[in-house]
Amino acid sequence: MLKNDLHVGSPRSRVDGPAKVTGQATYAAEFTAADLAHGYIVESAIARGRILSIDTAAAEALPGVVRVFTHENRPKTAWFDYKYRDMVAPPGAPFRPLSSDEIQYSGQPIALVVAVSFEAAREAAGLVGVSYERQPHETDLDRARHDSYEPPKKRNGIAPPPAPRGDAQQAFGAAPVRIAGEYAIASEHHNPMEPHATTVVWEGGGKLTVHDKTQGVQNSQAYVTNVFGLSGDDVRVVSPFVGGGFGSGLRPQHQLFLAVMASLALERSVRVELTRQQMFGHVHRPETVNLVSLGAGEDGKLHSIQHQAIAATSRFEDHQEVVVNWSGLLYPAEHVDLRYELAKLDTYSPGDMRAPGAPLGVFALESAMDELAVATGVDPVELRLRNYAERDENEDKPFTSKELRACYREGAERFGWSRRDPRPGSMREGRELIGWGMASGVWEANMMKTSARATLTADGRLAIACATSDIGTGTYTILAQIAADALGLPMDAVDVALGDSTLPEAPVQGGSWTAASAGSAVAAACGSLRAALLTRATAEGSPLAGAGADDVIFEGGHVRSLKEPSQVVTLADIVAASGQDRIAATESAGPGLIGMMLPKSHSSYTHSAVFAEVRIDEELGVLRVTRIVNAVAAGRILNPKTARSQILGGVVWGIGMALHEETLTDHRLGRIMNHSLAEYHVPVNADIHDIEVIFVEERDEKTSPIGVKGLGEIGVVGTAAAIANAVHHATGKRIRSLPITIDKIQQG
Amino acid sequence: MKRFSYHRADSVADAVQALCATPDARIVAGGTNLVDLMKYGVETPSALVDVTRIAALNGIDDTDEGGLRIGALVPNRTVAEDARVTTRFPLLASAILAGATPQLRNAATTGGNLNQRTRCYYFYDTKTPCNKREPGSGCPAIGGVNRIHAILGASEHCIATHPSDMCVALAALGAEVRVEGPNGARRIPFADYHRLPGDAPERDNTLQPGEIVEAVLLPPEAEAFAGHHSYLKLRDRLSYAFALVSVAGALDIREGRIVAARLALGGVAHKPWRREEAEAALVGSPADEAAFAAAATHLLEGARGHEHNTFKIELARRAILRALGQAAAGTPQSQTDKRIA
Chain A
4 MLKNDLHVGS
14 PRSRVDGPAK
24 VTGQATYAAE
34 FTAADLAHGY
44 IVESAIARGR
54 ILSIDTAAAE
64 ALPGVVRVFT
74 HENRPKTAWF
84 DYKYRDMVAP
94 PGAPFRPLSS
104 DEIQYSGQPI
114 ALVVAVSFEA
124 AREAAGLVGV
134 SYERQPHETD
144 LDRARHDSYE
154 PPKKRNGIAP
164 PPAPRGDAQQ
174 AFGAAPVRIA
184 GEYAIASEHH
194 NPMEPHATTV
204 VWEGGGKLTV
214 HDKTQGVQNS
224 QAYVTNVFGL
234 SGDDVRVVSP
244 FVGGGFGSGL
254 RPQHQLFLAV
264 MASLALERSV
274 RVELTRQQMF
284 GHVHRPETVN
294 LVSLGAGEDG
304 KLHSIQHQAI
314 AATSRFEDHQ
324 EVVVNWSGLL
334 YPAEHVDLRY
344 ELAKLDTYSP
354 GDMRAPGAPL
364 GVFALESAMD
374 ELAVATGVDP
384 VELRLRNYAE
394 RDENEDKPFT
404 SKELRACYRE
414 GAERFGWSRR
424 DPRPGSMREG
434 RELIGWGMAS
444 GVWEANMMKT
454 SARATLTADG
464 RLAIACATSD
474 IGTGTYTILA
484 QIAADALGLP
494 MDAVDVALGD
504 STLPEAPVQG
514 GSWTAASAGS
524 AVAAACGSLR
534 AALLTRATAE
544 GSPLAGAGAD
554 DVIFEGGHVR
564 SLKEPSQVVT
574 LADIVAASGQ
584 DRIAATESAG
594 PGLIGMMLPK
604 SHSSYTHSAV
614 FAEVRIDEEL
624 GVLRVTRIVN
634 AVAAGRILNP
644 KTARSQILGG
654 VVWGIGMALH
664 EETLTDHRLG
674 RIMNHSLAEY
684 HVPVNADIHD
694 IEVIFVEERD
704 EKTSPIGVKG
714 LGEIGVVGTA
724 AAIANAVHHA
734 TGKRIRSLPI
744 TIDKIQQG
Chain B
79 MKRFSYHRAD
89 SVADAVQALC
99 ATPDARIVAG
109 GTNLVDLMKY
119 GVETPSALVD
129 VTRIAALNGI
139 DDTDEGGLRI
149 GALVPNRTVA
159 EDARVTTRFP
169 LLASAILAGA
179 TPQLRNAATT
189 GGNLNQRTRC
199 YYFYDTKTPC
209 NKREPGSGCP
219 AIGGVNRIHA
229 ILGASEHCIA
239 THPSDMCVAL
249 AALGAEVRVE
259 GPNGARRIPF
269 ADYHRLPGDA
279 PERDNTLQPG
289 EIVEAVLLPP
299 EAEAFAGHHS
309 YLKLRDRLSY
319 AFALVSVAGA
329 LDIREGRIVA
339 ARLALGGVAH
349 KPWRREEAEA
359 ALVGSPADEA
369 AFAAAATHLL
379 EGARGHEHNT
389 FKIELARRAI
399 LRALGQAAAG
409 TPQSQTDKRI
419 A
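Sequence order for the protein chains is A and B.
Numbering-wise (my numbering), the first sequence opens with residue 4 and increments by one.
Numbering-wise (my numbering), the second sequence opens with residue 79 and increments by one.
Hints should not be assumed to be uniformly reliable.
Calculated lysine to aspartate or glutamate pairs in the EDC-like style (CA-CA distance at most 16 Å, straight line) [as the list claims (entries may be wrong)]: (1) B:K117 <-> A:E122; (2) B:K416 <-> A:D693; (3) B:K80 <-> A:D693.
Computed footprint of chain A on chain B, listed as stretches where at least three residues anywhere in the stretch have a Cβ under 8 Å from a Cβ of chain A [unchecked claim]: (4) 193-204; (5) 306-318.
Label-pair ranges, simulated between beta-carbon atoms [stated by the list, open to error]: (6) B:P287 <-> A:G208: 55 to 65 Å; (7) A:K23 <-> B:S83: 31 to 41 Å; (8) B:R281 <-> A:G208: 58 to 68 Å.
No wet-lab data here; the hints were simulated from the structure.
Since this is a predicted model, take the numbers as computed values, not measurements.
The C-beta atom is built at its ideal place from N, Cα and C for all residues, glycine as well.
Chain A with its partners taken away, still in its complex shape (with noise of 0.2 Å):
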């Protein structure tokens, strides 16, 4: 396992900042190519029927226009829907666009206008005439509900709901204290701070260089080849840098698709970016009710946990996420049943956005036991103590680790629980009612097998490689540390290189996985990097000739001997005495691989207890989170300063949806209202006051080689319960509905 060292485990600056406060760091719609043209897409009016006619004449006779690509005339792709599967798409026929005349979503691109500039296809773009048959639509998840089923076909890697053990309603109506209530979240859309865009390069020849906006770029590669029949050696992805991603660029999305499409036809570089509001014209988290019941003693103890959600999706797709597991996970009851089903809308697919299904079900399980502990009287952090899992109860397996009890105790010692009142409206300062909720958080920890190449250069230099994305979590920094650790170097004498589909493969950056498994492959590459030049060091002739592993150092560019410290040789001259002008080493880790971890016999997952405090106006309903503590147990911590950032996002990212996150729309027209982020509110600075962050001490040797669980996702997914919670705490008014706004606090 991998041991703090110089680096790993010490705070560290992300080694790609520089590049990104300067501008030197290049986006998917950065890249530049002789002759480029732009695309600009024409998007559906309606949510559901046909497009009768469309007139593209007067755009296309605007200076400047190339072509208008549209269902009529753009170029054949692949039939099956298989080829327009990606990696993690959900059962379904994926979206294929300009495929028909057919409307199935308002926002759907109909047509692509290429021009020689953003401008002349934007405005070609506004002329294109389009008359439609209208068919009625359903965009309501509300209407839609009733007619909710349980999905055929399960999503690959989304665990579905466990078998119902006991009978849960029996146990329920039998119960001494009965919870039960019904939980809404409201529809986001991710908003990454880069829009999507994919720019293609046509290199001649049909080779294409594609910068596409995306979290994996052998997925992106995939989809290309698959999509329009090309040879992967003709399609290269290259995304070094990614503006934010949180789900959105998990999935190929329709501008990757119209700029090869459109780049493939015309023999010409195109781009194609998306408009912030034409961001809301694809993927989104998806809106979601849940139906929780819990059945428990007088004294807090759950004897029957029932737990239903159902989740948009679209006509087209069956989008599927794990929303009600952590209910039969998180809680040891004897009679668990858990259901989760879809609906359809008549809207594009929804995705994975940060902890995607988790921050939804864990609202909630853990607004239901809050009010089970106002009804049973016991503390909120007692009663979830009395009733820990030292199991997964789901799987029955036991847990790799588990450090839970020690978030609770640590999180509730530094946020000063024990000073709370429990008596709701009990707690003010002047005008303002002062609310302290908390709420458990929980996610997955997996690994996912990953490739990484390392190789020493005659200058001394260590170059790390993997197809893997950073999509701004600290992966580029962290890979160096380990790198640097590994071979005893200064992290700037490592170059890390990511984001090309060239690169020793990887999956998707999703999952909060990366960290274990890109981490644990850079590991393993540099470990039989440090293997080879150790055989060469020792070789006869060498000044550290016979020497053992056991017998050296690596550090400061150097392997040393333990003994001698005069007997040295420099990484450098060990390449340059092979007569080759590298070393290289490739590696890859997962579980199952030789030396990895057997997944199958324990359950994996981080943990997190998020206490927060929030002041409400009495008078007005307005509402500030004033502090946040979330007590994490992620196993190893590789850099407590991008760790920390990690979880800072999070929280925030948790106080939006708590707050402010909600895609309005107007059902009567199928069509999403406040597709900008002037109407579509994040939080701002100004919302966002003390958040504190404590990583609590957790060994797991068996998650990853590494000891690493994960931290992309924990941090969003108690803290919309935990504020709730608190609300509920100032004012005594439970709201079940997210985003909480000013009007629902006051009608309560």
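Following the hints, put chain B in place on chain A, whose structure we already have.
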């Protein structure tokens, strides 16, 4: 975005002439709203008249009457920071700081602030009907997504609100708008500058064809409110959001009694909402909650909610009480603290 011609005017007369020459021309200065609207295809002028080089539109100056003249080109930020404004008309500075962001306030001008368009979702989306954007096409906000819409002075044709914070303070302070046009200059009382939608919601204000805003005039009598004022803005997040409800309250209190009062609401109507009866209800009373409540009742008379915004009526009533309380106490709402006091 439609192609357009561009003319850089070198004088007010030149700008007026250019406007008269092209009836659908638009004036551009900071462009913080107009350029967005042009990109969205909401505004499609065939000509832009750039007034940013007209020296006569600049400056903040004392007037012969003893008030202040704020040139149409003066950036919002400059107004909010001007010492004469912050000492004599602090309500105006406060309201400006409640709006937008520092970057926007640097670029946005006084005249542009007056003439910014509504934030109604439907107005911004050319794929939906909107009587303001396309007269006669209908108002889907009625019966639609209308949580941010008007509760006062709306019509069956339009329930949009005026989004400005600055204008709410200008309305309360009794400012005037000085305009110049083909028929010369005129002064429009602020209350008459913006209009209610009625059956012509496409018209936001009473400017006549060819007229441009030259300056805003602050009357000397409004200085009497420098000691007792507050601008309270309630919104869905604490910065960079338009008002659900905002209140500009200003009192002149002498020997415990209100001798003059001003009260205007933002975020609730097609224009800053002011009513003489509400202010009259305050005058002569002690500055207490009973007087404030009476004023609120008068100001909100006839308020009517739609599907999602009825909460604004009660919210406005409470906000009026709070803002007048802040004004009376001489503790105006801070626009920089991360809290509502």
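Evaluated hints:
Pair hint B:K117 plus A:E122 holds up; C-alpha atoms about 9 Å apart against a cutoff of 16 Å. With a CA separation close to 12 Å, the supplied pair B:K416 and A:D693 stays within the 16 Å bound. The straight-line distance between the Cα atoms of B:K80 and A:D693 is roughly 47 Å, outside the 16 Å bound, and the hint therefore fails. Residue count for the stretch 193-204 of chain B with a Cβ under 8 Å from a Cβ of chain A: 5. That meets the three needed, and the coverage hint holds.
Proximity of the stretch 306-318 of chain B to chain A, defined as three or more residues with a beta carbon under 8 Å from a beta carbon of that chain, is established by the 6 residues found. In this structure the hint that B:P287 and A:G208 lie 55 to 65 Å apart at CB holds, the actual value being about 60 Å. In this structure the supplied range 31 to 41 Å holds for A:K23 paired with B:S83, their Cβ-Cβ distance being about 40 Å. For the hinted restraint 58 to 68 Å between B:R281 and A:G208, the CB-CB distance of approximately 60 Å keeps it satisfied.
Violated hints amount to a single one, hint 3; each of the other numbered hints is respected by the structure.
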